[in-house]
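J.: Next come the chains, spelled out residue by residue.
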Amino acid sequence: MIVLIINSGSSSIKYQLFEIKKKTLLAKGSVEKIGMQGSFLHNIRNDGDEVKLEGEIVDHQAGIEYIFGVLISKKHGSISSLDDVNAIGHRVVHGGETFKGSVLIDDDVIKKIEEVAELAPLHNPPNLKGIYAVKYLLPDIPQVAVFDTAFHQTMPDYAYMYAIPYSLYKKYGLRRYGFHGTSHKYVSQKACEMLNVDVKKQRIITCHLGNGASVTAIKHGKSVDTSMGLTPVEGMIMGTRSGDLDLGVLTFIMNKEEIRVQEANTLINKHSGMLGISGISSDMREVQKAAAEGHKRSELALKMYSYRIKKYLGAYCAAMEGMDIVVFTGGIGENDITTRYEACKNMEFLGIDIDKGENDKIVHGKQGVISKEGSKVKVVVIPTNEELVIAQETVRILNHGKKGT
Amino acid sequence: MEQVEPIEGYALKSSEDEKRESDTFTKVGIVGCGILGQEIARMVSSYGIDVIFLELSNSKINEAIKGIKRDLRHMIKRWGMTDSDKRAIMSRIRGTLEYEDLRGCEVVIESIKSKTREQSVETRKEIFKNIEKVVDPKAIIATNSTTLVITELAAELKNPERCVSLHFISPAGDIPLVEVAKSLYTSDDAYKRVCKFTRLLGKRIVPVIESPGIISTRLIAPMINEACEILMEGVAEMIDIDDTMKIGYGFPLGPFEMADKIGLDMVIRWLDNLYREFGDIKYKASPMLKKRVRANHLGREAGIGFYRYDEERKKIVPERHETC
Chain A
-17 MIVLIINSGS SSIKYQLFEI KKKTLLAKGS VEKIGMQGSF LHNIRNDGDE
33 VKLEGEIVDH QAGIEYIFGV LISKKHGSIS SLDDVNAIGH RVVHGGETFK
83 GSVLIDDDVI KKIEEVAELA PLHNPPNLKG IYAVKYLLPD IPQVAVFDTA
133 FHQTMPDYAY MYAIPYSLYK KYGLRRYGFH GTSHKYVSQK ACEMLNVDVK
183 KQRIITCHLG NGASVTAIKH GKSVDTSMGL TPVEGMIMGT RSGDLDLGVL
233 TFIMNKEEIR VQEANTLINK HSGMLGISGI SSDMREVQKA AAEGHKRSEL
283 ALKMYSYRIK KYLGAYCAAM EGMDIVVFTG GIGENDITTR YEACKNMEFL
333 GIDIDKGEND KIVHGKQGVI SKEGSKVKVV VIPTNEELVI AQETVRILNH
383 GKKGT
Chain B
-16 MEQVEPIEGY ALKSSEDEKR ESDTFTKVGI VGCGILGQEI ARMVSSYGID
34 VIFLELSNSK INEAIKGIKR DLRHMIKRWG MTDSDKRAIM SRIRGTLEYE
84 DLRGCEVVIE SIKSKTREQS VETRKEIFKN IEKVVDPKAI IATNSTTLVI
134 TELAAELKNP ERCVSLHFIS PAGDIPLVEV AKSLYTSDDA YKRVCKFTRL
184 LGKRIVPVIE SPGIISTRLI APMINEACEI LMEGVAEMID IDDTMKIGYG
234 FPLGPFEMAD KIGLDMVIRW LDNLYREFGD IKYKASPMLK KRVRANHLGR
284 EAGIGFYRYD EERKKIVPER HETC
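Here the protein sequences line up with chains A and B, keeping their order. Read in our numbering, the first sequence has 86 at position 104, and its numbers run on one by one without any break. Read in our numbering, the second sequence has 238 at position 255, and its numbers run on one by one without any break.
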C-alpha cells in the first residue's frame, strides 16, 4: 500500500511517499516559492537520485501536479502510475473542537476545516489549498486529514480553559488547543514500545523541542495537558517566541512603545525567545557557542530555556499525580545534551535520575534511555517522525472506511 | 549529485490540455518612487513579489532606496519586522532608469509627483503610453492619483480596458484599504485581476466610481485646509489643533502632521484639482499652505513643513506658547 503525505504551507508544499507494509520511504521532497519568481521542486528518491526542477509554479495546484509528475516520471519517479497511490494524507494544523481525530475528507469535512480556519488563519488556508488541489486533480482518491491539535482534544476542560469571561469561549472558541499532536503521540507510543511497557498504564511527559517547542502530559495514552495554547506562542521559550508571558507585559509594551496588534504579534513571535534574550541568534547551537565564549546574555537565555522545561516537568508531574517516563524529541530534544541534562538534573526527589554518560551518547537520530538504571522515572530520547504517523493514520482511517472519531 | 532540469516536462498529461491561465503576480512596476511609491514598493515586496521602480536619475533611485531602508529600520525598531525580513524585502526591490525593465510586470502603478495640473495629465498620459509599449497587453496599468480621472489617462492607449485608479493611502503598508476606481473603458476581467492583486496584499477594496478626489482625498484635503483657516484666525495653536483631532476623534495624525506627511505641495495640488473640478470655494488652497510651499517648507521629507523634523524624520515637538 502506497500513501503520499502532503504538508501544504503558504508558499511551499512538503511531501513524502511511503510504502506502508514495508515501512519504506520511497521518495520525499518539496515545492518551494509557489507563485513567486525562482519557484522549484526538489525531489529525493530513496536510492539517492536527487533532482531540482526549476520553472514557473503558479499555485498549489500546479505544485501538486508537478509532484505527481515527478513521482511517476521514468527518470526520477518511484511509481509507474498514480493508480498505485492508495491514499493521500494531509497535515492540517488546526482542527478546532470539531476534529478529535483523523478523518476521511469529504465535502462536509472540507467545510468544517474552512470554518475552523479562523483559529489558524496562517496555516489552515494553505493546508486547504493542498486538499482542493488533490480533489481537483484526482477526485476519486481517498484523502485523510490528520490534525496537529487532535491528540490534545482529550484534555479536560479545567486544563484547556482560559480564566477569561466564559462568553468569549462560547463566541470565538478561545481555549487551549495545543500543537505538535502527531509528534507527542508518536514518541510517547514509541517510548513505551522501546521500554516494553503498556502506554495505557504510563504517565508520560513528552518534550518536543524544535524550532517550536511544546511539552505534553500524557496519562494512560491520552493528552491531559500541553504547553501550547490557542496559538503556538504559549509555553516553552522557543527560538524567537516568548512562550509564557504575563499579558500585562504585552499591554504595557503596546502602551509605552505605541505599537499596535500587528507589531505586538511580531514582537512575541519573531523578536523574542532565545533571540530576544541572547541578542545573538534563535539557533540553540549559536547561543551555546556564544555562552561558551562567555557571553552573559546567552548564558542567561540557556538557563531560562532549561529552567522553563524543568518547571513544566514539575507541573505536569503534579497534574498527573506522578510520572513514569520523560521523552525528549525534536531537533533540540534529540541532539542537545546540555539542555536535556540541565532540565533533568537534581530532580531525584521526583524520581528523575539522569545519567550524564548515557545522555552524552544519544544524539544524531539515535533513540535510547538516558536515565540511570535505577531511576524511578525513565528518561528517553525518541526521534520524531510526524510524516510516518500521518501515513499510518491515513491507512488506519482508510481501513476503517469511515470517518474517524 | 543533484541534477537540475526544467519543470515543464513534468506536467501531468491530463491537465496539459486545459492550460490554466497564469494570473499570479510575480513582478510589479512602480513609476515614480517618492514617499508613497516607496511605501508601495516596500509593501508589495513584503508579499514576496519582485518590485522594479522607475525614476528620473540615479540620485533619485538612491534616494528612494535610502528612504525604503530608513522605513524598514524604523519598523524593526518598532518590533514590526526582523532584520531577515528587511533583507528579504530589499533583495526584491530594484530601481531603474529604463522603461524596458518594466517588461514582464503584471501590474504597473504610476505614482509620480508633478508641479501643475496640465503637466500632471500630459506627463501621466506619456507614462501610460511608455508602459504600454513594454508590458503584456493584459498587464494592469494603474495610477495612484485620485484627483485625475483615469478615463482621461487611459483614453490614448491601445488597450485602455486594463487601466484603473488604484489609490493606496499612506502609509500604504499599514493601511489595509485601497480605493479602486474603474474608468469608462475598464473591463470586468481587468477589474477582477486588480481586485485579486489588492486582496493578495491584504487590502479591503473600496470600489468607487471615478470622481475627482474619490473618497479619501476629497475628505482629507478640505480638512487640512480648514485647519489652516483655524490656525490663521488664531483660534488655537497648531499642536492643539492636531491633538484635538487625534485625541478627540481618534485620528492617528492631526491635520498639520498629516499635511507634512503628505507634502504641502501635494496638498495644494489636490486642492487645486478639486477646486477646478467642483468650483467650490472650500477647495481653494489656504495662504498658510501656499506661503510654506513658496518657502520650500514642503513637509516631513523636506525636514520642515508646519513642524520641524530630525534626520530620522521624527517630529521635533514644538514648545507651547500658551499653557494652562
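Mixed in with the good hints there might be a few duds.
[Claimed, not checked] A few chain A residues that face chain B, going by a derived Cβ cut-off under 10 Å, partial list only:
hint: 1; residue: G37
hint: 2; residue: D41
hint: 3; residue: A44
hint: 4; residue: I61
hint: 5; residue: L229
hint: 6; residue: V231
The set of hints was computed from the structure by calculation and includes no laboratory data. All C-beta atoms in this analysis are idealised placements derived from N, C-alpha and C, irrespective of residue type, glycine included.
J.: Mind listing which of the numbered hints don't hold for this structure, in increasing order?
T.: 4, 5, 6
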